[in-house]
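Participant: Residue numbers (the working numbering), protein chains in the order written: chain A, 1 to 201; chain B, 1 to 201; chain C, 1 to 201.
Read the hints as simulated data drawn from the structure, not as lab findings.
For glycine and all other residues, C-beta sits at the position ideal for the given N, C-alpha and C.
Please note that a few of the clues may not be correct.
Unchecked claim - Dumping the calculated PhoX-like pairs for lysine-lysine here, alpha-carbon to alpha-carbon at most 25 Å:
hint	chain 1	residue 1	chain 2	residue 2
1	A	K26	A	K151
2	C	K26	B	K26
3	B	K151	A	K26
4	C	K194	C	K151
5	A	K26	C	K26
6	C	K5	B	K26
7	A	K151	C	K151
8	B	K26	A	K26
Unchecked claim - Here's a subset of chain C near chain B, in silico, CB distances under 8 Å, partners left out:
hint	residue
9	P117
10	I120
11	P144
To be verified - Stretches of chain C that chain B covers, calculated by requiring three or more beta carbons in the stretch to come under 8 Å of a beta carbon on chain B:
hint	segment
12	40-54
13	151-157
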Amino acid sequence: MTLIKFIEIMAILVGAFSGFIEARRKRMDLVGVFTVAFITAFGGGTLRDILLDRRPLFWVIHQEYAILIFVLALVASPLIRTLRQIVSERLIVIADAVGLGLFSVAGVSAALAADMPIFIASMMGVITGIFGGVLRDIVCNEVPMVFRDGKPYAICAFLGNWLFLLMGKYGVDPDFALWSSALFISGLRLITWKFDLRMGR
Amino acid sequence: MTLIKFIEIMAILVGAFSGFIEARRKRMDLVGVFTVAFITAFGGGTLRDILLDRRPLFWVIHQEYAILIFVLALVASPLIRTLRQIVSERLIVIADAVGLGLFSVAGVSAALAADMPIFIASMMGVITGIFGGVLRDIVCNEVPMVFRDGKPYAICAFLGNWLFLLMGKYGVDPDFALWSSALFISGLRLITWKFDLRMGR
Amino acid sequence: MTLIKFIEIMAILVGAFSGFIEARRKRMDLVGVFTVAFITAFGGGTLRDILLDRRPLFWVIHQEYAILIFVLALVASPLIRTLRQIVSERLIVIADAVGLGLFSVAGVSAALAADMPIFIASMMGVITGIFGGVLRDIVCNEVPMVFRDGKPYAICAFLGNWLFLLMGKYGVDPDFALWSSALFISGLRLITWKFDLRMGR
């Protein structure tokens, strides 16, 4: 298994896991747990692909990820309390930050490949990174957390996306640009989390 | 009028009717009543078609259904209390179960026709069957009922969709497969409703 | 700058402004304020284009509007209380009515250009006019205001759209039809607002 595949799976699992937790907190049943986990893991990329009119969707090509979440929902649902104790918050935040970086930059890439103008591409990257959680919160009947807690999350993605776009403009090697921008986003997210930085309102 | 046309209209009317009731319960006005009824009746199929990139949408080809719901919203809105007394809960549940069966299997069919892998096709069937109600509940600012009441509904659709897929794999006549799977879903839904079965959480 | 361009920008700004206010009322941070403003300004047209499968989206072609809202979110967020005092409610309602008229008729036009049947085209016009606000309210975790306050808003758009369609059918000059229908919608909205007319429930 390549490194990128491993990170991808980790990021999807983290998305699904945050969906599990939120769905259980709302006392949802198995159907709800699976659906919310699925929406959290794939919602951002799906919305981006609908806006860009890209098909087939990511989870359609890789149905193994959908099956994985389905099996996990069956297994994890009764174990969720135990799981939350085994998996520390630190681990979740780290994996989530890695996912945010990777998915955001991948979103920008996809938008550029679809000939989007650059500001729109930077937004598509943010949408890919954060809208899984936004849709999760809408389905769970909450005001989306990323819009109200004042912690830099979308903004880390936004800044890293522009780093990626600038490196592209100045002819930096695409692979290096992608990895370093993703790393920048993940790192920035982890630093702001570590020091509990807030944006003013 | 053919039988399938009749069932289709019944299923749409039942969807719209559940939208009427929910919209009135939320004290919505005429615009809200029509919109929520429309979303409940066509939301599942519309989301499936957007995910599959199929156009034109069902209600665009059959604008008579949209007009029907529009007229009903005008007429039914003042009569909703009377209507709820005339139409027994039993009748609603039966018509809804018939609609769930028919629409779920039709959703699987549409997904297979669009070359989806089979697990995705089974999910598209469930989406077609249940997301009208999910979108209704989101617009009405509720946690979707199908995710939280623990009654087998999406699961009946899911099992029936796999019956349909298995029959397809083993070369059963497509028409027979479609009708018997739809019947299986409707029957399973009615049996679990009759005996008030619940899933564990 | 042509008149239509000026009205378009005004309408988008009014949409964004109502998003700002609602997002602040919900105590959202900068990311929330921008996103909700953006969804309010472009949500209706985006949903219409997704339903019609039209690409590229309006705000993708005109990324300057997205940038404008971004800059305004940065600037306006701390000034929102002052802004609400400077900008009178009357001015907001007038600009919003102008936007409703213009966008609704433009939505019908787009739907006709995509060969939609006429009832569907009239609905697409209403969707274009009102769904920005509907999506704003869903993200802000409210029952959409346009569905519950009983004030004629969607209905003004609906009637004007039919005026536009009828004029098209009877061979009226398209430009005249568009402008007079948009004016009709805006005027009707302002009259019903002025006299505080309500629909029965």
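Participant: Honestly, which of those hints from before does the structure not fit?
Facilitator: Result: hints 6 and 7 break, sorted rising.
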